[in-house]
Amino acid sequence: MNIRSLISFAFLVLLLGLVQVFFLKNLALFGFAFGFLYLLGILILPTSIQSFPLMLIAFFMGFVIDVFYETIGMHTAAATLLAFLRPFWLKVTSPGGGYDEVEEPNLAELGVGRFISYSFPLILVYSLAFFTADQWGTGGFFSIINKSILSSIFSTLLVILVQLLFFKRKRGI
Amino acid sequence: MLRILQFLYRIRAFILFVLLEVLAIGMIVTNNSPQGAAFFNSSNQLVGNALKKQADVVQFFSLADANESLTEENARIMGQLIAFKSKPDSMSITLDSALAATYEFRGARVIANSLRFSQNYLTLNKGSKHGVKPGMGVFNSEGVVGRVKSVSENYAVAFSLLNTGLMVSSKLKTSEVLSSVQWDGANSSEAKLLYVPRHVRAQEGDSVVTSGFNAVFPEGILIGIISKVEPDKKDPNYLDLTVRLSTDFSKLTYVYLVENTKFNELDSLYSKSEMTNEY
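Going down the list, the protein sequences come from chains A and B.
Counting the first sequence from 1 gives a position; my numbering is that position plus 283.
Counted from 1, the second sequence has number 87 at position 89 by my numbering; the numbering is strictly sequential.
If we strip away everything but chain B, and leave its shape as in the complex, we get:
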């Protein structure tokens, strides 16, 4: 017995090492599973504040660019608004509930961002206090940015589209073919378009937009443009498509958050009919 204790005492450093490594790997695994509750991340109050201070300083230098893109977007939206305004002599009809708006939008600022790892995340300066919930879609005027992962009172952490764990349901704008966009971890301006069958005629320059089927993003938000078309080497039934992402992830400042107000209803319907809903 004494010998065993002596032996354990002699290798105590190794035991501590194994213990700490198991702890660390446990943290990696919990953090990367979408369901796992992550307590220690940058949505933490202290860390969020520090990152926000840094973003305040750094983003000051890109204010001109941010203003310009906001002005452009304002102009575009104003154009749409004029098109929607009813003419004075027309009769107003209450729309059917099937056509009622199911999406709500919110604005937020990116206070931390990474693009060099294979799992990249964004930190946003809005939290549960401002109505941000896990699962909301994130996009900006250029295109899709990501999806909210977890929220605290004042901050939120989101999966970047540059996260190999995130898939976004998409379609080709011209042929309406359903597909999925997933980042392969190689280049921060390109992603892969998956599940496009070989018979589809995809061309370089075709736009890829969100499908609206995954209940996260509304239909028709731009994701990117096809830059390369090749037959898939592993599975001959599919095409190997590369998409040039429309969003410039290296200079994200302001983003929009979108929430599907009918998400809960859809989700409970799916679970009642025993379907698994892929995001």
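In isolation and in its complexed conformation, chain A is listed as follows:
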């Protein structure tokens, strides 16, 4: 990762954070589906990144979101879990035993089908962890499942939409 991509990554994370905190925080489709757009920042980090910095970045991002959401620890715990699982899941979903290594697991490099199979399960795990922490002790098992599934569908759509609209295509179609 050179200095230029580092700066553009920092800028992206800042932008995603602002959208998350000031816009998506107040939005829940049907009262169930939450949009966790900021996860895009963790999902598209280069595959060469070590798991140490990856987890620390996720921890920090989750924490900042938490401070604004007034849900201290919940986003942090869930984002760290996502970052921990990311390398394994990336290995599992890459076909051909590493032949088709990608540098950055984003929509342009993976294609829509592979990107969904890469990002959706990770976001689902994130949502499950988050809503379990949120509903702890209130016994709403179905509400956890409900909210998690709807939120991860909505978040995955958002993550794809943002990449389609704002990311530069590396290869022309």
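Nothing false has been slipped in among the hints.
With the Cβ distance kept under 10 Å, some of the chain A side facing chain B (calculated, not the full set):
no.	residue
1	Lys308
2	Ala311
3	Phe315
4	Asp349
5	Val350
6	Tyr352
7	Glu353
8	Ile355
9	Ala366
10	Phe414
11	Ala416
No lab work stands behind these hints, which were simulated from the structure alone.
Fair warning: this is a prediction, and the values are worked out from it, not measured in the lab.
Backbone N, C-alpha and C fix where the C-beta goes; we use that ideal spot for every residue, glycine too.
Assemble chain B onto chain A, guided by the hints.
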């Protein structure tokens, strides 16, 4: 020894993961216990400022509604004031200290609010500088809103009534039966009324108001109206009552804070007599 170190080195990612998760869960637990000091929340100066800027923009669009409700309330209070004004020929008597006012009121603006989680909080634009203290009650012209959790110099964070951890001491207005209101986390316009015994005749449409026993709210602030009466399935001695909350939590702008000036005296009396005071 070397092998152990090698093994630890190989699972270093997992160790860091566990460490970070323990840290995060620690933060969740500290934040949710009422006594735990929460340093990182939206009463933080930087976060509070950012949220206030957002509220400035968003609430601009609801100014008309806010003005209208303030005018209505002014009119109501003016009506009460006229009723209290002494007539010119009447003699004034100094009231007994038992009847002296024990509540002080302050106004504040809501700058952040959530209603979709099971632990919801509000952020208010007044802090310790303006005399806000943890434990003060929060309400608006519609009804009860919540209770202050922690304060910084300029901002305060309050438990919303839509927080499964908050219980508000209440009573039925008609029969004066003592009960507690607690949110069950399901619907942001409904809450549960607990500890109402089965022999009580509760009907749909009965008002539920604050009891005045918990030293947080004065007596008689509206909480909601009973919308459903069913026998409790778990415990046959009680009724399962659902309350339609009178406050619309989706558009909170201005709220009042109430402080019981005799709270300290009451609290020390309770602790002296070894009673635990439930809020």
